[in-house]
Structures are given as C-alpha cells and as structure tokens.
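K.L.:
Start from the sequences, fold in the hints, and give me the full structure.
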Amino acid sequence: MGYGSAPDEPETGAGSDAPERYRPVSERAAAVRPSASTGEHAAPLVEALLRLADDRLVLGHRLSEWCGHAPILEEDIALANIALDLIGQASLLLEHAGQVEGRGRSADALAYFRDAVEFRNLLLAELPNGDFAVTIVRQFLWSAFAVPHLKQLSASADATLAGIAAKGHKEATYHLRHAADWVLKLGDGTVESHARAQRALDELWPYVHEMFRTDDVEAPLVAAGVTIDPSTLQLAWRESVASVCRAATLKVPGDGWKAQGGREGRHTEHLGHLLGEMQILARSHPGAEW
Amino acid sequence: MADDASNGAPAGGQWPLWEVFTQEQTGQPHEHAGSVHAVDAEQALQNARDVFGRRGKVVSVWVVPTEQITASTPGDAGPFFDPGSDKAYRHPQFYKAPRGVRIY
Chain A
1 MGYGSAPDEP
11 ETGAGSDAPE
21 RYRPVSERAA
31 AVRPSASTGE
41 HAAPLVEALL
51 RLADDRLVLG
61 HRLSEWCGHA
71 PILEEDIALA
81 NIALDLIGQA
91 SLLLEHAGQV
101 EGRGRSADAL
111 AYFRDAVEFR
121 NLLLAELPNG
131 DFAVTIVRQF
141 LWSAFAVPHL
151 KQLSASADAT
161 LAGIAAKGHK
171 EATYHLRHAA
181 DWVLKLGDGT
191 VESHARAQRA
201 LDELWPYVHE
211 MFRTDDVEAP
221 LVAAGVTIDP
231 STLQLAWRES
241 VASVCRAATL
251 KVPGDGWKAQ
261 GGREGRHTEH
271 LGHLLGEMQI
281 LARSHPGAEW
Chain B
291 MADDASNGAP
301 AGGQWPLWEV
311 FTQEQTGQPH
321 EHAGSVHAVD
331 AEQALQNARD
341 VFGRRGKVVS
351 VWVVPTEQIT
361 ASTPGDAGPF
371 FDPGSDKAYR
381 HPQFYKAPRG
391 VRIY
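Protein chains in written order, with this note's numbering: chain A, 1 to 290; chain B, 291 to 394.
Keep in mind the hints are simulated off the structure, nothing from the lab. Bear in mind that the values here come from a model prediction, so they are computed numbers and not experimental data. Be a bit skeptical, because a hint or two may be false.
Claimed, not checked - FRET-style restraints, in silico, Cβ to Cβ:
# : chain 1 : residue 1 : chain 2 : residue 2 : range
1 : B       : Ala331    : A       : Leu281    : 37 to 43 Å
2 : B       : Tyr379    : A       : His69     : 58 to 64 Å
3 : B       : Ala331    : A       : Ser231    : 34 to 40 Å
Just so it is clear, CB atoms sit at the ideal spot from N, CA and C, and this is done for glycine as well.
P.N.:
Below is the structure:
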C-alpha cells in the first residue's frame, strides 16, 4: 500500500461505530466508578462469577507475558500451558456471567470491553511478574488457594459453575504441583535463588489476605450453597503454604499491611497497563475474529 | 549478576537430559516421544507432561535419564542387524494358525 493512501479498514473504537453488542453497557465508560465508591454492584451471582473469572483472566495474561522469556524452553511451555488453562477457565466463567446477567454480553465483550474499575480480580493477580521467583511464588500462593476453592465450588448449587469448577480443579491441582516444586527448588537452591524467593514471598504477602475476604455481596450466595465463604479456606491454606515453605527453607512472613480493593474495582496502577495491551486489538477491531 | 543469574537460566550449560516415553492408551506400549531437560525426576516428569502430554491422548509417561540408556552405535549396525535379514526361519511364519487365533 502506498504512502498516504486510505486505510483499508476504518479506525473504530468501542464507543464509536462498534456493533451494539461490543459497546460498554455503561452510557459513558469513562464515568464508570468503582463499586467501592458507589456502593453499587451487579447481581450477586454476576459479581461472584466476575471475581472468579477476572482472577483467572488477569493472572493468565500475566503468565502469558513469560512466553518466549522463561528460563528454559520446557518452563516456557509449562507457563504458557498454565496461562491457557486459566484463560480457558476465565472464558467459561465469563460466558456464564454474561448469560446470568442477561444483557447479551459475550465472554469476549466482558473480557475486552470492561475498564479497569469494572474488573473484580485480586490485586495479587495484576501485580507485575517481577523476576521468575515472584511469578512462581505468586502462582504457588494463589494455586494453594484455588485448589481447595475449586474443589468446594464443584459442589455448587449452580450446576454450570460446579462443572467449570470441577474441570478447573484438575488443572489447578497440576498448577499447584508445578509451582510448589519450583518453590522448593528456588528456596532450597542457591544463595541467590533463596534470597529471591524469600524476597518474593515478603513482597507478595500483603496481597494474599484479599483472597480470604468475605463481604456482603456474596452472603446470599454462600447461604444458598452457590459459592463458598473464602475465609473458611484460610486456616488450611496457611498450613499448606507453611509446610512447603518449611521444606523450602523459606520463612513465612508475618501479617502486616493488608492490600485490598480489587473485588470492588479499586485496582493498582498496573491493571490499566495490562488491560491496555490485552484489549487493544479487540477494541481497535470490534467484532474481528481470529 | 547481569546475565545468567538474573533470568534464572541454568549456569554453565544445559541441565541433564531425560528421555520421555508416553503411552496413549492403557495396555499399549510406552513409545519414545522425545527428550526434555530437567534437574531431577519430578521436574523431568512435569516437563515431559507439559511438552508431550499437553495436547491430550496421553495416559501415562515415563522419564529416564538419557545417560542411563546404553545404545548401539551406527558401526554396530552391520554385525548386529544384517545377519537377521536373510534368515527367514527366524520368523514364525511357517506355522498354520489355529482357527480363532488372531494374527498380528
């Protein structure tokens, strides 16, 4: 194509001439505020499904950033596999969320046309990858939560959620085994790898508490046996994490400052950058298929 | 600290090599699928799963340290294998199979 000729496709954006179903549901996306400041939220089941989905979508995207950069080829493939598992789970959960919501939003619409304040993921998931130790320790801390969480959710009164959770539980069990093995190797490895693993653990620890937070939004769902109260998982989680850390000669940090806000759409500065990269293609070419 | 140590790459060359054997169905033989690098058996098993088992159709996987395999050399090919090719009587083809016996 010669310089200065007309583009072969019109430039489009989500708010311009995009098909209706791809546009943000909010009248003005820029005016969407975190539910933390408005006190408003979607129907409880939609909120709960978005929380589950967004953890996986955002963490899966973070892991995918390692593609082509992992320490060895085999680990590169392993991280990409885990990323794909998580994005697959997210896709099923978002599709279900869209159906429950009943406003015609597909999984893609929810993934690509919500802004940061509409995301419900844990802050832990959106933190930058850091070095390999940070990525592995985060994956370990989160998987140690996801495995029992999905196991209990596989008995959910919501049959679709139960099915997604049962499938995810198998995947998460492997993710945990993989991450725990690496935690052992890094923690009980060289002086350098031990220092990096300990530093990762210390840096990430303030972000683990959000996994176990309970709020009023999910209370009716917990009562109905649809979702579970994550705080009930905390004790067993602490024990399993402590036992791996002990074997890895790592010291479990003490509880200090507890970061929170992701569940209400109040995120770190990192999420916007992540979404910018994740959403640019879909927003530039709404409705494109690939 | 700028290069190898910072990205976690194995220092001083490659990690040990392991041969991977996968089974696609219970009862079928484990067949050689390829090789992976790993520092120990558990990691070899995980890497084998991730590299060769990720597209399904695998029900079991073996990993064996490559250095534990004793292989014939190309030079052995003549003395080892040629003598068998002109001795038809080494093949069990002069028997009549009874009815009902499946012939492979």
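K.L.:
Each hint: holds or not?
P.N.:
Now for the hints, and whether the structure bears them out:
1. B:Ala331 <-> A:Leu281: 37 to 43 Å: holds, 42 Å
2. B:Tyr379 <-> A:His69: 58 to 64 Å: At roughly 60 Å between Cβ atoms, histidine 69 of chain A and tyrosine 379 of chain B fall inside 58 to 64 Å, so the hint holds.
3. B:Ala331 <-> A:Ser231: 34 to 40 Å: holds, 38 Å
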